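Make a model of the complete structure from these sequences and hints.
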Amino acid sequence: MKLSTLLLRLLLILAGLLVVLPLLWTLLNAFKTNADLLVSTPKLFFTPVWDNMDYVLNRRSVARALVNSLIICSSAVALGALLGVPAAYVIARYKNRVTREAQFFALSLRFLPPVAVAIPMMVIWLGLGLYDSRLSLIVTYMTITVSITIWLSIPAFERVPMAVEEAARVDRLGPYATFFLIALPIARLQILSAIAFSFILVWNEFLLAMMLTTSRAKTLPIIASEMSQLGMNVPWGILNAAVVLLSLPPLILLALIGAGMNSAFSRKSAQD
Amino acid sequence: MAHVECRNIRKSYGGHEVIRDFNLSVSDHEFVAFLGPSGCGKSTILRMVAGLEEISGGDLMIGGARMNDRDPGDRGIAMVFQNYALYPHMSVRGNITFALERAGVAKDEIARRLGAVVETLGLGAYLERKPTELSGGQQQRVAIARAMIKTPEVFLFDEPLSNLDARLRGHLRVEIAKLHRALKTTSIYVTHDQLEAMTLADRIVLMNQGRIEQMGTPEEIYTRPATLFAAGFIGTPNMNFLELEAAEGRLRDGVLDLAAPFALAPGKVTLGIRPGAVKLVAEGDPGAFPVLAERDEFHGETRLLALRSGSQSLLAAIPATVRIAEGERLWARVEEAAMHVFDTGSGMRLAA
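Protein chains in written order, with the numbering used here: chain A, 1 to 272; chain B, 1 to 352.
Everything labelled a hint here was simulated from the structure, so no lab data went into it. Incorrect hints may have been included.
As the list claims (entries may be wrong) - Between beta-carbon pairs, the in silico distance windows are: (1) B:GLU17 to A:ALA255: 51 to 59 Å; (2) A:LEU8 to B:GLY300: 47 to 55 Å; (3) B:ALA182 to A:LEU12: 54 to 62 Å.
Nothing here was measured: the structure is a model prediction, and the numbers come from that model. Heads up, the beta-carbon is just placed ideally off N, CA and C, and yes, glycines get one too.
Following this line, the structure appears as C-alpha cells:
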C-alpha cells in the first residue's frame with residue numbers, strides 16, 4: 001500500500017471515530033447508574049441497568065410525544081412524497097421556464113432560515129385556532145418534506161434514460177403510465193432515499209416544533225430537551241436514554257436504505 | 001406492412017429550421033437507410049416518423065393515413081434505439097411482452113408469439129435475466145425482439161449497432177438482413193456507417209444538412225454519385241478529388257493533362273477518381289501520366305499508395321503483392337468510365 005493511501009485511510013478512520021465514539025458513549029451512558037456516570041475516569045465496564053430507559057419509556061409525556069412524532073412525521077413525509085415525487089418528475093422531464101422556476105423555488109425553501117418561518121406560522125396557526133395541533137405541525141413540516149423530496153428526486157428521474165421513456169411511448173404508454181410503470185420503478189431506490197431523508201429531517205426538527213407546540217402536539221426532540229431541565233441535578237442517564245430512543249428510528253431507516261441513500265447523493269452516471 | 005410517405009415535411013426549433021421540404025416515399029416491404037454525417041437530420045426525421053418529435057409542417061402518411069397528430073403507439077410502428085432503451089426493472093421476458101400485455105392480447109397468444117420471436121433471435125436462455133446482466137449485443141437482440149413481437153407495419157431503427165464493437169456489429173447486421181428477408185416489413189434504418197447502409201438497404205437516402213443529397217440503390221450511389229458530397233461520403237478509402245481546368249477536350253492543371261471523358265464546357269471542374277480505379281502502367285501507355293510515389297501503406301489485401309503529380313496528390317489502391325519504393329517515379333492511368341466529373345462551383349455531377 002502506498003503511503004498516501006495509508007495516510008488517507010488513517011484520516012478516514014479518525015473521522016469515522018469522531019462520529020461514532022460520541023454516539024457509542026451516549027449508548028453506554030444510557031445504561032449506567034448515576035454512580036457509574038459521575039466518576040472522573042469514564043467506565044467502560046459496568047453493570048448495565050435498565051432504569052433510565054424504564055424511566056423514559058414509562059413517562060406519559062414521552063409516550064405521547066413518541067406518538068405525536070410518529071404521526072406528524074409520517075404524515076408530513078407521506079404527503080410530501082405524494083406531492084413532491086410527481087412534481088420532481090415533471091420538473092425533470094419537462095424543461096421550461098416554469099419548471100426551472102419551480103425547481104429553484106423548492107430549493108429556496110431550504111435556504112430559508114426556520115426562524116423566519118416560525119413566527120409568521122405561529123401567528124397564522126393561532127389565528128386559525130389550530131395552534132399546538134398535530135395538523136398545524138404536519139402542514140408546516142410539509143414545506144420541508146416537499147422541498148427536500150423534490151430536490152433529491154429530480155436527479156433520480158433525470159437519470160432515467162430518455163430513450164427508455166420513448167420506448168414506453170412507442171409501446172402505447174401515456175404520460176401517467178410512463179410515470180408509474182417505467183420512471184418510478186426505475187428511480188425507486190433513490191426516490192425512497194429522498195423520502196427517508198426528508199423523514200430524518202423532520203424527525204430531528206426542533207425549532208419549529210418548539211415554537212408551534214406547547215403541550216398537546218409536542219414532539220420527541222422537545223421532550224428530550226426538557227429532560228435536561230428537570231432540576232438542579234442533570235439526570236445524565238435519563239438524558240442519554242432519551243437521546244438513544246430519539247436516534248433509533250432514523251438509524252433504523254438509514255440501515256434499511258443505506259445503499260440507495262449513497263447513490264442518491266453521489267450522482268454516478270451508472271446505468272441502472 | 002405499409003407504405004410510408006413524407007410530403008414536404010419541415011422541422012424547426014424555435015425560428016431555426018433544420019429540415020425543410022423533405023419528400024420521401026418508402027414502398028411496402030422496402031428497406032430504406034438514411035445515411036449521413038452526424039447532425040444531418042436523419043435521426044430527426046426518423047423520430048418524426050415515430051412520433052417522438054413534433055412535425056412542424058407537411059404530412060406524414062403511413063399506410064395511407066395521416067399520422068402527424070397520432071401518438072407513437074398508434075402509428076403501427078416499432079422502434080429499435082441506439083442505446084437499446086430496455087426497461088431495466090423488467091426481465092427480458094417482461095421487456096418483450098410488455099406492449100402486448102398492455103394492449104390486452106390473450107395470454108396464450110402472447111406465449112405463442114414470444115416463443116417464435118425468442119427462437120428467431122436465440123434468446124431462450126436469457127428470458128428470466130435482467131437487461132443489465134446481458135452483453136450489449138444480447139441487449140440489442142432483446143430490443144429487436146421487443147419490436148418484432150408487435151408485428152408492426154413499419155420498423156424504425158435508430159443507429160442500432162453503433163454502440164457495439166466491430167465484430168458484434170457485423171454479426172447483428174447479418175441478422176437484421178436475414179430478419180428483413182424473412183419478415184419483409186417496411187423498414188427505415190438510420191446510420192452513419194456506410195457499410196451498414198450499403199449492405200442492408202434496398203435504397204439509400206444520403207442526407208446532408210437537412211436535405212436529401214442523393215437517393216438510390218447502393219450501387220447507383222457508389223457508381224454514379226450525384227454530388228461531390230455523395231462522392232466523398234461513400235466509399236473507403238475516400239475518393240480522390242483533383243481540381244482541374246476543362247478546355248478543348250482536356251483536363252489540365254499545368255502539370256497534369258488528361259483527356260476529358262466527354263465534351264465539357266470550359267471552366268473549373270473537380271475530377272473524382274476512386275483509389276481502386278488508379279492503375280499503374282508502363283511508360284508510353286496511351287493516356288498515362290507521370291506520378292511520384294510518396295508513401296506506401298500496407299492494408300493487408302491491398303496497398304494504399306500516396307501519389308503526387310505536380311501540386312495534386314491522389315491515393316491508389318494496388319494489390320499488396322506489387323512492391324513500390326517510396327520516391328519511385330511511376331506512370332498511372334485512369335479509365336474514362338471511372339472518372340467522375342463535378343462542377344467545382346455547384347458540386348453537381350457533370351454528365352455527357
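Each hint tested on the structure:
no. : hint                            : in the structure
1   : B:GLU17 to A:ALA255: 51 to 59 Å : holds, 57 Å
2   : A:LEU8 to B:GLY300: 47 to 55 Å  : holds, 50 Å
3   : B:ALA182 to A:LEU12: 54 to 62 Å : holds, 59 Å
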